[in-house]
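Can you build the whole structure from these sequences, using the hints too?
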Amino acid sequence: MKYRTFRIGGVHPAEQKLAKDAAIEQFPIPAKVAISMAQHLGAPATPVVEKGDKVKVGQVIGTPTGFVSGFVHSSVSGTVTAVEPRADLAGNMVMHVCIDVEGDEYADGIVTSDRIERDIKGSPEILLEKIKKAGVVGMGGATFPTHIKLAPPKDKKAEYLIINAAECEPYVTADDRLMREHPHEIVLGARIMARVLGVEMVVIAVEENKPEAFDALSDATLRYVGIDVVKMKKKYPQGGEKQLIDAITHRRVPSGGLPIETGCVVQNVATSYAVYQAVQKDKPLIERVMTVTGECLPEQKNYLVRIGTPISAILDSVGGLPMESAKVISGGPMMGKAVANLEATTQKGSSCLLVLTPEQTARTPETVCIRCGRCTQACPMGLEPWLMNRLGRNGDYAALEENKIYDCIECGCCQSTCPAHIPLLDIVRTSKAEVMKIIRSRAKK
Amino acid sequence: MAKLIVSPSPHFQNKTTTQVLMNDVLIALAPATLVSLLFYGWNALLLLLVCVATCVGCEFLIEKYLRGREIPCISATVVTGVLLALNLPPAAPWWVAFVGSLAAIGIAKMCFGGLGQNIFNPAIFGRVFLLVSFPVAMTSWAAPQGWLPIDAFSGATPLAQINEGIRQGIPADQIIAENGLSGWHAFFGAAGGSAGEVSALALIIGFVYLLVRRVIKPYIPVAILCTVVVMTTIFWLVDPGKYTGPVFNLLSGGLLLGAIFMATDYVTSPMTTIGMIIYGVLIGLLTVLIRYFGSYPEGVSFAILIANATVPLLNKYCKPKRFAA
Numbered sequence: 001m002k003y004r005t006f007r008i009g010g011v012h013p014a015e016q017k018l019a020k021d022a023a024i025e026q027f028p029i030p031a032k033v034a035i036s037m038a039q040h041l042g043a044p045a046t047p048v049v050e051k052g053d054k055v056k057v058g059q060v061i062g063t064p065t066g067f068v069s070g071f072v073h074s075s076v077s078g079t080v081t082a083v084e085p086r087a088d089l090a091g092n093m094v095m096h097v098c099i100d101v102e103g104d105e106y107a108d109g110i111v112t113s114d115r116i117e118r119d120i121k122g123s124p125e126i127l128l129e130k131i132k133k134a135g136v137v138g139m140g141g142a143t144f145p146t147h148i149k150l151a152p153p154k155d156k157k158a159e160y161l162i163i164n165a166a167e168c169e170p171y172v173t174a175d176d177r178l179m180r181e182h183p184h185e186i187v188l189g190a191r192i193m194a195r196v197l198g199v200e201m202v203v204i205a206v207e208e209n210k211p212e213a214f215d216a217l218s219d220a221t222l223r224y225v226g227i228d229v230v231k232m233k234k235k236y237p238q239g240g241e242k243q244l245i246d247a248i249t250h251r252r253v254p255s256g257g258l259p260i261e262t263g264c265v266v267q268n269v270a271t272s273y274a275v276y277q278a279v280q281k282d283k284p285l286i287e288r289v290m291t292v293t294g295e296c297l298p299e300q301k302n303y304l305v306r307i308g309t310p311i312s313a314i315l316d317s318v319g320g321l322p323m324e325s326a327k328v329i330s331g332g333p334m335m336g337k338a339v340a341n342l343e344a345t346t347q348k349g350s351s352c353l354l355v356l357t358p359e360q361t362a363r364t365p366e367t368v369c370i371r372c373g374r375c376t377q378a379c380p381m382g383l384e385p386w387l388m389n390r391l392g393r394n395g396d397y398a399a400l401e402e403n404k405i406y407d408c409i410e411c412g413c414c415q416s417t418c419p420a421h422i423p424l425l426d427i428v429r430t431s432k433a434e435v436m437k438i439i440r441s442r443a444k445k
Numbered sequence: 001m002a003k004l005i006v007s008p009s010p011h012f013q014n015k016t017t018t019q020v021l022m023n024d025v026l027i028a029l030a031p032a033t034l035v036s037l038l039f040y041g042w043n044a045l046l047l048l049l050v051c052v053a054t055c056v057g058c059e060f061l062i063e064k065y066l067r068g069r070e071i072p073c074i075s076a077t078v079v080t081g082v083l084l085a086l087n088l089p090p091a092a093p094w095w096v097a098f099v100g101s102l103a104a105i106g107i108a109k110m111c112f113g114g115l116g117q118n119i120f121n122p123a124i125f126g127r128v129f130l131l132v133s134f135p136v137a138m139t140s141w142a143a144p145q146g147w148l149p150i151d152a153f154s155g156a157t158p159l160a161q162i163n164e165g166i167r168q169g170i171p172a173d174q175i176i177a178e179n180g181l182s183g184w185h186a187f188f189g190a191a192g193g194s195a196g197e198v199s200a201l202a203l204i205i206g207f208v209y210l211l212v213r214r215v216i217k218p219y220i221p222v223a224i225l226c227t228v229v230v231m232t233t234i235f236w237l238v239d240p241g242k243y244t245g246p247v248f249n250l251l252s253g254g255l256l257l258g259a260i261f262m263a264t265d266y267v268t269s270p271m272t273t274i275g276m277i278i279y280g281v282l283i284g285l286l287t288v289l290i291r292y293f294g295s296y297p298e299g300v301s302f303a304i305l306i307a308n309a310t311v312p313l314l315n316k317y318c319k320p321k322r323f324a325a
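Residue numbers (the numbering used here), protein chains in the order written: chain A, 1 to 445; chain B, 1 to 325.
Check each hint, because a few of them may be wrong.
[What the hints assert, rightly or not] Chain B is faced by these chain A residues, among others (derived, beta-carbon under 10 Å):
(1) THR5
(2) GLY9
(3) LEU425
[Stated by the list, open to error] In silico PhoX-like cross-links for lysine-lysine, where the CA-CA straight-line distance does not exceed 25 Å:
(4) A:LYS404 x B:LYS319
(5) A:LYS2 x B:LYS217
(6) B:LYS15 x A:LYS404
(7) B:LYS316 x A:LYS233
(8) B:LYS15 x A:LYS17
(9) A:LYS17 x A:LYS32
(10) A:LYS156 x A:LYS130
(11) B:LYS321 x A:LYS2
(12) A:LYS156 x A:LYS2
(13) A:LYS133 x A:LYS51
(14) B:LYS15 x A:LYS234
(15) B:LYS321 x A:LYS233
(16) B:LYS321 x A:LYS404
(17) A:LYS233 x A:LYS121
(18) A:LYS233 x B:LYS217
(19) A:LYS445 x A:LYS404
(20) A:LYS234 x B:LYS321
(21) A:LYS234 x B:LYS217
(22) B:LYS217 x B:LYS15
[As the list claims (entries may be wrong)] Quick list of the computed label-pair ranges, beta carbon to beta carbon:
(23) A:VAL68 x B:SER7: 24 to 34 Å
(24) A:PRO365 x B:ARG213: 54 to 64 Å
(25) B:ALA309 x A:SER441: 32 to 42 Å
For the record, the hints were derived by calculation from the structure and aren't laboratory data.
Please read all numbers here as calculations on a predicted model, not as lab measurements.
For each residue, glycine too, the CB sits at the ideal point set by N, CA and C.
So, in structure tokens, the structure goes:
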């Protein structure tokens with residue numbers, strides 16, 4: 001059988017799913033947590049607790065600021081020791097609520113049992129409100145607030161709900177384990193979102209390298225009509241929203257357009273799990289599955305980690321940072337962010353903690369472009385990275401705009417395949433920022 | 001604690017470097033080079049060594065003393081040297097190889113800015129430079145004795161024999177029959193001509209290796225060969241006495257060598273699939289036209305050189321298929 005996949009470009013990095021056989025373990029609650037107010041795309045939340053306040057697990061500690069924003073909840077019970085700017089995973093200074101942990105007392109109304117609640121009660125509006133109040137965001141890494149994606153503009157009609165279970169990044173296994181161990185919750189979460197959107201067709205897209213997850217989900221969907229589990233070819237960046245829509249429906253998100261214009265809403269599989277918890281258990285997003293992996297680590301883990309746990313605590317649990325480590329990455333090796341500060345804490349979008357050695361990650365010297373065309377063949381957006389490298393270095397922003405630099409999804413296919421080791425994506429990112437500035441200033445006029 | 005690196009994504013780099021790719025091209029050229037040495041012996045080896053040494057030396061001196069840097073990719077330079085050697089008549093004097101190498105690297109490559117910047121394929125440029133400068137040396141096909149205990153081929157190349165014969169009014173099929181030039185003998189290695197043209201099989205082995213290692217895409221060679229087959233079949237069906245047939249054209253002369261190793265040079269070929277196909281078809285057309293109607297018996301070198309000049313245009317107008325309209 002020929003599996004589905006997107007139709008332009010893509011690469012096949014070694015999958016390195018080292019942690020795929022490690023069952024999900026509850027990570028011990030740390031003594032202190034620091035919870036970022038900027039865990040979603042958009043405006044950071046406004047803290048609503050002060051130093052000295054007592055908080056419980058699941059209590060709101062940040063409320064949305066503006067439309068594209070979200071709720072933030074305490075992941076532990078204890079005393080607020082500070083509300084202050086701190087460096088987050090990406091190195092940005094953002095407001096954090098720091099809490100000293102005392103016990104593990106949940107806020108009222110949160111159900112903590114593992115019993116699977118199949119009965120979905122409530123109107124779409126009520127369900128949507130619950131999802132919003134629970135602070136659910138896209139957990140694949142982009143952290144776009146889920147309630148906004150589930151409420152498309154009135155003139156746009158969603159036809160498909162696509163559950164993104166591609167997990168195409170090498171090393172990351174968090175979604176794989178979640179699907180294998182909690183398939184029923186994921187399917188129910190998808191059904192809840194389908195009801196909110198009013199769509200008839202739900203597609204759960206799993207890459208072929210996760211056969212156990214595929215089987216588990218297939219079993220879990222047997223009793224329902226309108227939910228398909230689809231096996232996808234293994235190819236990066238399959239989990240890119242635009243690529244996944246193309247693979248499933250052969251529709252293409254237009255340049256500068258939103259996915260809803262193709263009638264599709266894409267949600268990550270971990271988001272689906274969080275939606276289930278939010279609606280059926282009234283449990284806000286306070287923890288997530290996170291892979292801890294790397295060849296140089298003695299153990300490969302998939303932890304259920306409370307949001308706000310320091311990176312250092314997680315690394316200590318696998319024997320600390322090895323001497324030969326060169327880079328700690330939050331996320332996968334293709335799109336993840338290098339961590340500058342090990343005291344930074346986990347967030348809603350932190351799917352993986354990857355430790356790489358110098359041999360694996362050190363940048364090698366750049367040589368000259370020999371116009372081999374590999375970057376162009378690899379680009380899933382059909383762009384010409386070699387040309388952007390040349391135009392970008394010359395500062396020819398008009399030509400870059402003409403060549404659709406703003407379509408770049410920053411997947412890194414070009415740079416990782418370049419035999420001359422040219423930092424193509426660095427150049428594209430900086431040039432893209434300039435081009436976007438020009439486009440915005442023109443729009444203002 | 002060790003210092004941590006912080007840099008933007010991607011954090012993973014493919015281990016294939018330019019050097020690795022060019023080494024693969026050298027490995028792919030090995031069968032054809034070995035066969036040429038077996039057939040043409042010491043003089044072919046001398047030409048090979050002179051070409052490689054001159055190319056590397058010339059690039060080294062220019063990079064070092066005019067730009068103050070090392071040769072960026074030495075294997076690419078060696079590839080140029082080997083290709084030029086394979087494009088010389090096996091009996092050519094050593095100074096022809098020397099001058100050709102200087103022209104290839106000094107003019108075609110370094111004048112344009114070195115690796116990655118040249119418009120014309122250096123080896124092809126070197127060959128054409130020699131062809132127009134030293135026509136006698138470049139078309140003397142008296143072959144030296146090789147390392148195999150068989151008679152050396154001498155006299156003109158099959159293409160030249162036919163070209164000459166047709167000019168005298170002898171039908172092409174008659175010349176082929178009389179001289180045993182069926183074309184198939186060229187498959188295993190029994191054709192007069194440039195050193196690298198001696199065995200089609202050796203070239204095809206190299207082609208398969210390049211495809212398996214994903215060094216090149218098949219589009220350019222396939223487009224060239226298909227165009228030549230289609231064109232020659234049409235002409236041959238119209239008048240087999242005047243025009244040679246497809247099998248003969250496919251297997252004789254520098255067509256395979258050019259299509260597989262010269263036209264696919266990264267720097268001087270287009271980036272996109274559609275660009276590659278147009279480029280290949282153009283080379284195929286020009287090759288057949290020059291072979292049939294030109295005054296030179298062999299047309300591949302000129303065809304590639306002319307097509308090289310269209311590559312910037314092809315890159316400009318043959319954009320990849322964009323994801324979003």
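query = Which earlier hints turn out false for this structure, listed by number in ascending order?
reply = Violated: hints 1, 6, 7, 9, 12, 17 and 24.
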